[in-house]
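**Q** Sequence:
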Amino acid sequence: MNKARLHNLLHQYLNGLISEADCIELLDYINNAGTDEIADAVIVDLVDLEKAPQFGEKQTDEILQRIQSDFRFKESPHVKKEQASVFSIYKNKWLQIAAACFLLLMGGMLYVRRQSKSNTNTGHFAASPKTPILPGSSKAFLTMANGKIILLSNATNGILAKTNSGSVLKTRNGQIVYNSIDGVKANNGQGIGDNILTTPKGGEYEVVLPDGTKVWLNAASSISYPVAFIGHDRQVKLVGEAYFEVAKNKDKPFYVNINNVQVRVLGTHFNIEAYNDDEKIKTTLLEGAVQITKNDAHSTLAPGQQAVINKNSNSIIVSTADIDDAMAWKNGYFIFDHDNIQGIMKKVSRWYDVDVAYQGNFNDLKFGGTFYRSKSIEELLQHLESVGNIHLVIKGRRIIVMN
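Read in the UniProt record's numbering, the sequence shown has 160 at position 160, and its numbers run on one by one without any break.
These are computed hints drawn from the structure, not numbers from a lab.
Check each hint, because a few of them may be wrong.
What the hints assert, rightly or not - Label pairs and their in silico Cβ distance ranges:
| # | residue 1 | residue 2 | range |
| --- | --- | --- | --- |
| 1 | Gly-174 | Asn-312 | 35 to 43 angstroms |
| 2 | Gln-359 | Lys-252 | 29 to 37 angstroms |
| 3 | Arg-172 | Glu-279 | 17 to 25 angstroms |
| 4 | Asp-277 | Asp-364 | 16 to 24 angstroms |
| 5 | Asn-361 | Gln-291 | 17 to 25 angstroms |
| 6 | Pro-253 | Asn-295 | 34 to 42 angstroms |
| 7 | Arg-264 | Asn-310 | 35 to 43 angstroms |
| 8 | His-298 | His-232 | 36 to 44 angstroms |
| 9 | His-232 | Gly-304 | 26 to 34 angstroms |
| 10 | Lys-330 | Gly-396 | 37 to 45 angstroms |
| 11 | Ser-137 | Pro-253 | 45 to 53 angstroms |
| 12 | Gln-175 | Tyr-372 | 29 to 37 angstroms |
| 13 | Asn-146 | Ala-357 | 37 to 45 angstroms |
To be verified - Quick list of in silico lysine-lysine cross-link-like pairs, DSBU-like style, CA-CA up to 35 angstroms:
| # | residue 1 | residue 2 |
| --- | --- | --- |
| 14 | Lys-250 | Lys-280 |
| 15 | Lys-252 | Lys-375 |
| 16 | Lys-366 | Lys-250 |
| 17 | Lys-170 | Lys-375 |
| 18 | Lys-330 | Lys-311 |
| 19 | Lys-347 | Lys-311 |
| 20 | Lys-280 | Lys-162 |
| 21 | Lys-252 | Lys-237 |
| 22 | Lys-366 | Lys-248 |
| 23 | Lys-366 | Lys-252 |
| 24 | Lys-148 | Lys-366 |
| 25 | Lys-375 | Lys-395 |
| 26 | Lys-248 | Lys-139 |
| 27 | Lys-330 | Lys-366 |
| 28 | Lys-375 | Lys-250 |
| 29 | Lys-330 | Lys-282 |
| 30 | Lys-395 | Lys-282 |
From the three backbone atoms N, C-alpha and C, an ideal C-beta is built for every residue, glycine too.
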């Protein structure tokens with residue numbers, strides 16, 4: 001496995017975006033390769049201690065303890081045998097070191113969190129003053145084709161990197177833009193490397209792709225794309241949720257790939273929700289036309305329609321879309337329309353970067369309402385308690401849902 005691939009897999013794992021197949025690949029490599037070799041490769045390229053001087057051994061230990069205590073990484077009797085081994089990955093000493101070094105890149109972001117004013121609310125909603133739970137904000141990681149990772153929230157405006165195909169810039173409003181030259185000539189006809197833009201939990205970001213297509217990423221999402229679109233089409237890969245405004249080019253169709261689902265467009269505006277931990281993939285069309293394909297199933301959407309695909313079947317169900325609901329996240333809202341608490345808390349978990357645990361049965365509980373995503377988590381939880389027979393308790397960075 002080359003260094004760039006190793007970095008990409010580790011990066012996706014630490015951000016909760018890795019697929020089962022990629023996670024198994026990473027684990028196999030870890031088990032077969034020399035630990036010193038792996039640790040050195042990761043540490044050398046991912047860490048610049050001068051850029052995070054406020055982070056020391058104590059802070060790193062705190063982060064590792066939080067990861068190791070995360071219930072998602074603990075083995076469950078319901079987890080398949082081959083998956084269970086993945087959840088024990090942090091028991092490997094070298095990966096603890098590599099993870100700590102990688103997380104140093106988050107120094108500025110996490111340091112600001114620790115230095116923020118303590119929440120003054122009282123009662124069972126009061127979070128620990130050491131780890132305030134804040135709404136999401138504009139932050140992401142950019143993984144270059146050579147394995148270099150740039151923490152965008154800390155990066156200065158201007159040119160971030162130069163490639164054979166042009167330059168990558170961060171604008172004054174925090175947007176990532178690609179200024180590309182002729183990709184074929186620049187690389188002498190060789191393949192173009194992919195960049196990966198990843199938002200962690202509690203993050204969102206906007207990127208303008210080399211063809212002028214605008215993409216807004218929701219929290220805990222990732223998009224992979226070439227630094228120059230050569231050939232007869234434009235191909236990107238998505239995990240999570242994103243809104244696209246695709247630049248028109250009738251001679252070069254645009255494809256969004258989500259595992260074995262493909263969305264084909266020429267120039268249009270649409271939203272795709274495709275998180276790994278959701279059972280369904282939703283595509284909502286605002287403008288233009290898209291064709292959706294899963295294996296042998298095909299369907300074409302008109303503006304105002306939504307396609308829903310169950311990951312366990314090939315059926316594509318098309319219906320009239322609730323545009324306000326689909327676009328709520330991009331417009332700064334949560335919209336709950338007779339939603340169950342599990343679905344709501346998934347959105348809360350991604351946006352506020354918290355874990356969620358359940359104590360009780362909530363199958364019959366449904367909730368509704370509209371809420372600003374910029375509001376505090378305490379206000380949101382109070383709202384949910386006021387409209388349903390439910391109790392929500394904050395313990396550190398975990399929300400416990402109780403009857």
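**Q** Which hint numbers doesn't this structure obey?
**A** Hints 2, 3, 5, 6, 7, 8, 10, 11, 12, 15, 16, 20, 22, 23, 24, 28 are the ones this structure does not satisfy, whereas the remaining hints hold.
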